[in-house]
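From just these sequences and the hints, can you work out the full model?
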Amino acid sequence: MAKIGKNVVIHDGATVGENVTIGDNTVVYSDVILEDNVTIGPNNVIGIVAGGNDRMRKENQSITPLVIKSGTKTGSLVALYTGTTIGQSCFFGDLSSVRENVTIGDRTVIGRSAIVELNTTIGSRCTVQTGAYVTGDSIVEDDVFIGPCVSMSNDKYMGARPFEMKGPHIKRGAKIGNNATLLPGVVIGVETIVGAGAVVTKNTKDQVTVAGVPAKELS
Amino acid sequence: MAKIGKNVVIHDGATVGENVTIGDNTVVYSDVILEDNVTIGPNNVIGIVAGGNDRMRKENQSITPLVIKSGTKTGSLVALYTGTTIGQSCFFGDLSSVRENVTIGDRTVIGRSAIVELNTTIGSRCTVQTGAYVTGDSIVEDDVFIGPCVSMSNDKYMGARPFEMKGPHIKRGAKIGNNATLLPGVVIGVETIVGAGAVVTKNTKDQVTVAGVPAKELS
Amino acid sequence: MAKIGKNVVIHDGATVGENVTIGDNTVVYSDVILEDNVTIGPNNVIGIVAGGNDRMRKENQSITPLVIKSGTKTGSLVALYTGTTIGQSCFFGDLSSVRENVTIGDRTVIGRSAIVELNTTIGSRCTVQTGAYVTGDSIVEDDVFIGPCVSMSNDKYMGARPFEMKGPHIKRGAKIGNNATLLPGVVIGVETIVGAGAVVTKNTKDQVTVAGVPAKELS
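Residue numbers (our numbering), protein chains in the order written: chain A, 1 to 219; chain B, 220 to 438; chain C, 439 to 657.
Keep in mind the hints are simulated off the structure, nothing from the lab. Treat the numbers as computed from the prediction; the structure is a model and nothing was measured. Just so it is clear, CB atoms sit at the ideal spot from N, CA and C, and this is done for glycine as well. Warning: the hint list may mix true and false statements.
Across the chosen pairs, the derived CB separations fall in these ranges [said to hold, decoys possible]: (1) B:282 with C:641: 44 to 50 Å; (2) B:391 with A:3: 50 to 56 Å; (3) B:225 with C:450: 22 to 28 Å.
Listed next, the in silico PhoX-like pairs over lysine-lysine satisfying Cα-Cα at most 20 Å (straight line) [as the list claims (entries may be wrong)]: (4) A:216 with A:202; (5) C:654 with C:643; (6) A:3 with A:73; (7) B:424 with B:435; (8) B:435 with B:421; (9) A:6 with B:225; (10) B:292 with B:225; (11) C:604 with C:640; (12) C:604 with C:511; (13) C:444 with B:225; (14) C:654 with A:216; (15) B:435 with A:216; (16) A:6 with A:73; (17) B:375 with B:421; (18) A:6 with C:511; (19) A:156 with A:166; (20) C:654 with B:435; (21) C:640 with C:654.
Quick look at the structure:
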């Protein structure tokens, strides 16, 4: 049986599994599947359908539901979109948000105020620390650590050619230091370490450490 | 006729135009004018009157309403203040906020978790990307692109002289790369490009590219 | 007498003092003590009990209440945790959040979208500017200014050794420029100034100015 808080709005069509908890004042839209044992915090907005104005990218997408798998929890004031699938036993910090067409593996943590943009894949057992920004069209493999306030971008033409987007590809086990900046399309190698505050402008090798502006390999 | 969600609180005095939509659990305060065809998302707080404690700047301002013009939309969990005027067909991402005495032109996008401080002017067709911070007392002209996580400041004395504030002036068509840092009062020239992660400490010319820490013109 | 907005949920056990104001659609959990003359904004979540998944740090803590002292105010969409004590006449901007086991002095301002992590002490008359990130296990002394979008970290092993955490120690009257990056455990001296965009990798002296990547003392 689900445990539903006060002033919760669940729109027709949403699926709420066994032993689900939903906090007070949360809104759950129609295209949402909450599997058993999911916990949604208070003042969340769950199952948002992507909008925008005439200057923003439109995907020719059929709307698939937001699926949240067993044991995953959200904090307070979280915003999650349709078209996204979230694995088991993940945790979403307060004020975090995840857009459409995102896949997240199992046991991953998305920190407070962290942001995941559209069309991005994040693996299992990743940590996206507080305030980090994972841009659209990115690939984050398993066991990656993204430090607090890390920034990425996917648009080397900065709005001038809105049709060519490519975010970073961060390979298995890499660790990105806090407030580092990753440019569009860079590849961060397996188990590579990026220093805090680094600006990564080109691909790195596997299992190296890079730091500085622009980031260079430490010898 | 307006379409009002559940648990919406509209305080006396607010003006709600034709064909306005307001999402569930949103609060609309008194000094708000929502023109026709405006869409406000769920869990928003609209028409906040500026507060603060005794250590914060007080403007000797008469309270003017928050005006949101036709066709503008907000996402979820958005906070907008009185004394601000927002143009037509703008879009405000989830968890974004805009303070008092701000003017925003038409068709501008304020990204998710982006922040616009008080006494700032933003032109038409601008993009303020996700997580960017537009400080107070700034001027952003038309067609400017501000990348994700860009940071600005308006206070060269960092709290020691709270009466002298001046934010950046970003001229028409300039593009600021992600996580760049702009110091108080710098002027970014027309169609100039600032590289990702750059720290801009002095004015730039028009139509140049600057990058690095501190930012230098690329030859 | 308290002034309580619409759709407010106050859970059994919360203590609400004289002349307290609570905005619409706010949730107040059980372990909360709001002293006289406290003002809580709309759509807040107050008194959160720390959660997480199996990969996140668990403190062996008894739950103590969230105590908010007289005259303190919060904006909209704010999230505050149990186990934390907040002094008199503080101000919390919209979309800010403060975790458990934090102590904040009197008259301190926590800016919009700013974040304070667990086990941190912040003094009196501090300013944590908009979007700044104060990591866990940090010490911020009195009269410190932390500029917009400042980033800190407390985890030099980036998730590999989750038991050894130490954030920065920022001494009395220091000023940190916007978007500066502070590495785990660095000490910032009394009244020292850190330039905007600097990356501070080692301790600084008192009353000096440091800038650059990595930050060096200006002569």
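Results for each hint:
Take residue 282 of chain B and residue 641 of chain C: their Cβ atoms lie about 47 Å apart, and the range 44 to 50 Å holds. As the Cβ distance of residue 391 of chain B to residue 3 of chain A is approximately 54 Å, the hint placing it in 50 to 56 Å holds. At about 25 Å, the CB distance of residue 225 of chain B to residue 450 of chain C agrees with the hint of 22 to 28 Å. Straight-line distance between C-alpha atoms of residue 216 of chain A and residue 202 of chain A comes to about 9 Å, which keeps the hinted pair within the 20 Å bound.
With a C-alpha separation of about 11 Å, the suggested pair residue 654 of chain C and residue 643 of chain C falls inside the 20 Å cut-off, and the hint holds. Restraint check for residue 3 of chain A and residue 73 of chain A: satisfied, since their Cα atoms lie roughly 14 Å apart, inside the 20 Å limit. For the given pair, residue 424 of chain B sits about 11 Å from residue 435 of chain B by alpha-carbon distance, which is consistent with the 20 Å threshold. Taking the CA atoms of residue 435 of chain B and residue 421 of chain B, the gap is about 9 Å. The hint holds against a cut of 20 Å.
Between residue 6 of chain A and residue 225 of chain B the alpha-carbon distance is near 12 Å, which keeps this suggested pair within the 20 Å criterion. This hinted pair checks out: residue 292 of chain B and residue 225 of chain B have alpha carbons roughly 18 Å apart, not beyond 20 Å. As the CA atoms of residue 604 of chain C and residue 640 of chain C are separated by approximately 13 Å, the hinted pair is consistent with the 20 Å bound. Distance hint between residue 604 of chain C and residue 511 of chain C is unfulfilled; the C-alpha atoms sit about 30 Å from each other, more than 20 Å.
Among the hinted pairs, residue 444 of chain C with residue 225 of chain B is consistent with the structure: their alpha-carbon atoms are about 12 Å apart, no more than 20 Å. Proximity of residue 654 of chain C to residue 216 of chain A is assessed by CA-CA distance (about 19 Å); at most 20 Å being required, the pair is judged to hold. Under the criterion of a C-alpha separation no larger than 20 Å, the hint pairing residue 435 of chain B with residue 216 of chain A is consistent with the structure, at around 19 Å. A distance of roughly 18 Å separates the Cα atoms of residue 6 of chain A and residue 73 of chain A; the hinted pair therefore holds under the 20 Å criterion.
For the suggested pair residue 375 of chain B and residue 421 of chain B, the alpha carbons sit about 13 Å apart, so the restraint of at most 20 Å is met. Between the alpha carbons of residue 6 of chain A and residue 511 of chain C the distance comes to roughly 24 Å, so the proposed pair goes past 20 Å and is violated. Of the pairs offered as hints, the one joining residue 156 of chain A and residue 166 of chain A holds, with about 8 Å between alpha carbons and a cut-off of 20 Å not exceeded. Restraint check: the Cα-Cα separation between residue 654 of chain C and residue 435 of chain B comes to about 19 Å, which is no more than 20 Å; the hinted pair holds.
Distance restraint check for residue 640 of chain C and residue 654 of chain C: the Cα-Cα separation of roughly 9 Å lies within the 20 Å cut-off, and the hinted pair is therefore satisfied.
In terms of the numbered hints stated before, the structure departs from hints 12 and 18, listed from lowest to highest.
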